[in-house]
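Novice: Order-wise, the sequence lines are chains R and A. As numbered in full-length UniProt numbering, the first sequence has no gaps in its residue numbers, which increase by one up to the final residue, 898. As numbered in full-length UniProt numbering, the second sequence has no gaps in its residue numbers, which increase by one up to the final residue, 898.
Calculated directly from the structure, the hints in this document are not laboratory data. Only true hints are included.
Taking CB as the label site, the calculated pair distances span:
1. R:S548 to A:C50: 19 to 27 Å
2. A:K158 to R:K611: 52 to 60 Å
3. R:N491 to A:R56: 43 to 51 Å
4. A:R56 to R:I70: 54 to 62 Å
5. A:R56 to R:R587: 34 to 42 Å
6. A:T89 to R:F308: 44 to 52 Å
7. R:N491 to A:W96: 29 to 37 Å
8. A:W66 to R:G148: 26 to 34 Å
9. A:L200 to R:F308: 31 to 39 Å
10. R:V149 to A:V161: 48 to 56 Å
C-beta: ideal position from N, C-alpha, C; glycine also.
Number of protein chains: 2
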Amino acid sequence: MYGRYTQDLGTFAKDEAARLRLQEGDTPRPRRPSELLEYTQGRCAPCRVCALQCQRFLISKVGEDWVFLILLGLVMALVSWAMDFAIATCLQAQKWMYGGLDTNVLLQYMAWVTYPTVLITFSAGFTQILAPQAVGSGIPEMKTILRGVVLKEYLTLKTFVAKVIGLTCALGSGMPLGKEGPFVHIASMCAALLSRFLSLFGGFYENEARNIEMLAAACAVGVGCCFAAPIGGVLFSIEVTSTFFAVRNYWRGFFAATFSAFIFRVLAVWNKDEETITALFKTRFRLDFPFDLQELPAFAVIGIASGFGGALFVYLNRKIVQFMRRQKTINRFLMKKRLLFPALVTLIISTLTFPPGFGQFMAGQVPAIGVAHQSLPQGLHKPQLTPAHQQLTQKDTLVTLFDNQTWAKQGISDEFEYLGILEAWRHPRSNVFVTLVVFILMKFWMSALATTIPVPCGAFMPVFVIGAAFGRLVGESMAAWFPDGIHTDSNIYRIVPGGYAVVGAAALSGAVTHTVSTAVIVFELTGQISHILPVMIAVILANAVAQSLQPSLYDSIIRIKKLPYLPELGWGHHEKYNVRVEDIMVRDIRYVTLNCKYRDLQQVLHSTKMKNLPLVESAESMILLGSIERTQVGALLSSQLSPQRRLLALRQKVLSEDGHRLSDSTIRFQISTETSSGTPARPALRKPLKPALKRVPSSPADSPPAGSADHSGIALKNLFCANASTEPTEGVGNPDFSIRLGVRRTGGPLLTLVGMPYPLPCPMAPPQILEWEEQQLDQLVDFSSAKIDPAPFQLVEHTSLHKTHTIFSLLGLDHAFVTSIGRLVGMVSLKELRKAIEGSLTGKGVKVRPPLASFRDSTASTTEADTTALRQLWDRHQHHHMPREAGPGGDDDDDTPR
Amino acid sequence: MYGRYTQDLGTFAKDEAARLRLQEGDTPRPRRPSELLEYTQGRCAPCRVCALQCQRFLISKVGEDWVFLILLGLVMALVSWAMDFAIATCLQAQKWMYGGLDTNVLLQYMAWVTYPTVLITFSAGFTQILAPQAVGSGIPEMKTILRGVVLKEYLTLKTFVAKVIGLTCALGSGMPLGKEGPFVHIASMCAALLSRFLSLFGGFYENEARNIEMLAAACAVGVGCCFAAPIGGVLFSIEVTSTFFAVRNYWRGFFAATFSAFIFRVLAVWNKDEETITALFKTRFRLDFPFDLQELPAFAVIGIASGFGGALFVYLNRKIVQFMRRQKTINRFLMKKRLLFPALVTLIISTLTFPPGFGQFMAGQVPAIGVAHQSLPQGLHKPQLTPAHQQLTQKDTLVTLFDNQTWAKQGISDEFEYLGILEAWRHPRSNVFVTLVVFILMKFWMSALATTIPVPCGAFMPVFVIGAAFGRLVGESMAAWFPDGIHTDSNIYRIVPGGYAVVGAAALSGAVTHTVSTAVIVFELTGQISHILPVMIAVILANAVAQSLQPSLYDSIIRIKKLPYLPELGWGHHEKYNVRVEDIMVRDIRYVTLNCKYRDLQQVLHSTKMKNLPLVESAESMILLGSIERTQVGALLSSQLSPQRRLLALRQKVLSEDGHRLSDSTIRFQISTETSSGTPARPALRKPLKPALKRVPSSPADSPPAGSADHSGIALKNLFCANASTEPTEGVGNPDFSIRLGVRRTGGPLLTLVGMPYPLPCPMAPPQILEWEEQQLDQLVDFSSAKIDPAPFQLVEHTSLHKTHTIFSLLGLDHAFVTSIGRLVGMVSLKELRKAIEGSLTGKGVKVRPPLASFRDSTASTTEADTTALRQLWDRHQHHHMPREAGPGGDDDDDTPR
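Excised from the complex, chain R in its bound form (with noise of 0.2 Å):
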């Protein structure tokens, strides 16, 4: 984004855009002459060029948007069909084995443990050697992604083939556990192999900010294949990953969203397992009356005790986490044997769903009665799957409790008939409640410990189940308190729970994961949107409740992982518009000044841990002139003090010295300051630094420095003692004169002169490299191969904390500058907005009240590890400090360690 502009991207974006343009002219334009001259010549000409024209024609839309979005939603779409039917079969296998062994309890406990068991160790194992980023749901890792921060690994081939089969083996265990979150991140990563793979056609790919723009759509695209819900798809991804939203992006989202929705339906009618295109989970509500204005507030209650519920989930996923890494002994132990924790985990929720056993209770095991299953709804995906012996899949538990009927006794109708898929909710010792609320409790420690497994998975399935099932709950004791409905009429309405565990699916998945696009999503997969208003107070209730308790649980692993995040601004907190950030800028900032000497940047690089830092024109105007990386500093830094430079300075030393031998050949130094940084420094971006330019030359031949003129005997020495690069520097002289040097990485200096007769100067002591670096670090500050951003985000006093946050969040940034009509009075990083907003003290004393303070103890700053070759050098320099004076004479002795 902006304010991370480097000169180098400028450059970057020249040449591509000057590639692009000579590729542009390349391709089709030397044909040109020959398609004239056959046009001229041949009779069947014209057809000709209209195939080429029509060649070019078809190769210039590839590089199109929409072709792009029509294959990934096709490519999702196959993924997520093939996914599901490859889950299904493990589950199906599962299933037969247990059937199989119904002649001995313990054959059929073993397996019914083992299987799960297997899967998940397999699947654990497999994406910890393959990539360990496709852990987890993904979510979190997208929303830093398109905050525009670059995280390694995570949208590569390795990581797409870790997380398909790792999450299919980890559904197809039967755990509580879902795929939404998951296909959000395979379908980014599919988006960015398939953008790598159109950039071999097309050119337009490369653009970051394209890229950013596909990432956006692409997880539309992952919730709208993996739920047939365009809609809610790309409304739950804005809500989940962005703070702004680009209504263009949105565009994309809903295109590829439903592209993909109708091909996943549609490969779902071909294979015969639908007649037509329909929702996932068929609701069949009475479409007249379908609820009463008085049930809304048994609604209002679903969606209060949801946010509840869905704080409380994530409080309990956090809380196990920070168990297990906080308890030395499991950690370590864990650390170990990786593979234990899963396996561990599987087998515990295993044995408590085992249905001859505790299982009976949730939903589990059905005793006798096996009823035909001709009865099934037909929206029910795969129902032939599902014998009568079983526990229900995720996908049955969903059908049968959304389902039309109501389950408790009503009145006198005692006749009612559990039917097909719906017996697995009725135990002959206890009732529909009893078995209800057991599957509430256990389902909900289960997901909140099964989402910790490292595997590939999801939380929002088992989430929507476990609030499917409690607003089942809810709907089934309003249906026995009000037999004939509430209604006063004369037509009596009777109470449909299923309603009611629609409603509580949205609400408690919304509150899990702050969003109010959960209702769209059940409207989608339940293909009935008759409940609106009561969905949508629940949900908004349940939002309301859990935000103020907890944050989302996407957010809460971003915390856990230490993830770089910016805290939103709750509602109502008006203290936002009166903070401002005068009030939390930090004043003592560190910044390197045009005319600094390389010692300045030195003790600036230790005094601060700063990732930019500000260049101002002196010290006394402090007029902000731009940013300058802290790596940029360390390798200004390090080149001055380079080996190579101490090796030509040792070289002019051996010269000056030798200089009656060599005096009929010319000696030329050719070092090319911008070659080590990798880019030319373009004229116009020089013109501001004039000054610097005109105190240290730039001329091809780097001259030796004034300062270390006299001690040319310890430049000598120095010269020798390569210590930081471990490649061979070619090129170093001309060809006149060539040297090449091998270091060996033991740190003892390997020398080969070539075309050199004379006996080799031995490398310099460490003392006297110590005294020659010294030199060099009072030498001014070449910054013609720095790359300097020129413009980096610049606030002013005044701003709020309102708009700062604004601001941030809408360009991604992680650093602004604060000036005063060009002067550079502070800064304001992530950190210290993140402080502000979650109720630090502030500058002034205003205080913040925070929003999250529940969770504050998890929150770290993210501080970024030095690269630890630099730091060394520093200190080094820090401790073997050797004063200027106390031995500005050359010492000759270059064996005798001091």
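Assemble the complex: chain R is given as a structure, and chain A must be docked to it using the hints.
Specialist: Here is chain A on its own, set in the frame of chain R:
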């Protein structure tokens, strides 16, 4: 937004914050000691303390967002419901009139035509007189306002009243107009008024950023309570008003829109219109098999045709407006008789829809059979208002179009009965296809024409109805073509033409408005989501076609009204990634240097029309220090040449002449430059201005500038130049010597000297004034009193067009300076960006394809009229230009004109 931050605003915010802190400290704290006293004394004191705390809590809550949003939702629901009621009454009155006169066709015609004409004319006249801003949809204006542009008088109470009453009358007339667009505007006005009202209780409603957020939520409420469609409302309002959307506003929108839709529907239930809360236009399509996969091509055809139709509608609408404007004779005539145009249009339309006349072919009169109305669907709003002999209202039309039955004769089943209001579509001498085609064609141009009437009206609803009719036409054709459905299996699933109507309505309204959220709106309106995929496909295709042909209706109006806008980046215009700021920026820009003279300011103002001028350090360094508004520069200049200063100079002159008389009293002058700027300049802000301040001393005693030391007479005169402020400047002198100045607005100086017994010196003659002004112009500018934006938005040369567009739309900028390491090198404004996007040749010859080329002729730059008074002042100087050397010396003759 960022970049418009002025020093003034900053200090204002500071004062405001201080005030609030004081206030917070004031209201609750002074009571504390007494409370504690009471607590220790009385026994019921705890209750009182509790009550006080509750009161305080409630007051503190008034300032919170959710209270505001609930109030907004409530008010808007009431407004919407009341307006619907009034409109229904109006329509009923017309029908009653028409029905009562059924003895005479001529009288019937008179009544039929006069009634709407009177209503529309009244509406047009009323809005014209009270608030012309209320005319039209309001969405274009809201889009502009949400971009950060301040449109005057658009959010006032007057406009609110005009819009509500005007809209009620306009819709009550039965013309093909909609209430949706105006409702967005009404909701925004309501929010603005509400926040002004609530600011009486809390102080947090004054913040600009917050107001924008609340307006965004209000737009959602507007759509939400108009259609009882909270989700669609939020999405639609986002799509039509925003380019970048903050997800936190999305929240607010959902909350308020849901509440509003809820109340809106609850009112209907309480009014016994409905039994419970259901959708507005409830449909009853079958759930099991909503559509066949093989019907999808038909849906796609609807989408594509709607795309063309939508583009045609926008084109037609614009052409009508342009025709009216361009035809000078018509225009002149219409300008004189403003109410003639509305009356004429109404007359034509109502004549054509007269049921016994042509109206019978467009669902107008039903010849004979008066069928019972009990069979009407329940969801119908006010069905009892629809007698059989009437033209259908918009709502009734929609209900009939979405009907579940098939109108066309299907195979053998000839005995189909048109029931209730469905009668309207049957004509004895033609079939339903003819009726539908005539209806679509006539309504199409009628709607396009009617929406140009200068009354508050929207085009969404008419377009929606036309789309539904078109969809129905296709559906009926399909039903006639495949009487037993397409499906080849054993089950016969007949085609549901109502589903086609839903698809058509969403597609056409989506095409006209360039939104996809119309899909969500139809789901919420019909209460069924089973057709989600056909609707999404049709809407996306319609959008793709319409967007490539025409701008959206709202953008079209924005351009017609010449509001500032930024075109969207189209799909797949990769060139945007390669065009860069340096290709499009204006290099030859005027600037103000820190050490310039007033004469330079004058020249700059003459030579450019830029609203913001860059302030650079010097012409050599070109380091950008900030930007200064044009009006500020004008103010600086006019204060320097103000009559007050002239008067003071004169006064000085008199004093120096009469110095001998006053030699015994010490004379000191104190003019605080800070007083004139309204707020004291803060020391931190002043520092960077040091160079300027060195030249212009900022000590309390305003000593004469160094440059003009030789004209000490003039400098002394300058001393009394209390500038800019028209208020009497008190405290200018010290107690020794107090002068009170009053300036008559007419220009003639009025001098009041307090405590000074000398006779008034007569004003200068014009030549002397000119001479004096010439002297003034040669002084160095004192920027200390000017408001300088210390951090204007900066781009670098390499920023791509794409990124620039993003930043401009994100931050709502209208210009940005291009810098290169602090140096100003150019400027980009909305105009350049617009040009570059819309396809002018850029500097490097990169031809950008115009996405909206057909529309470019109506694009005009929106230059702002300068303050004429100031302009005249400069013009005078330009023409009467007097050379410096003509009269440097002071002229003592103050009465004689030259």
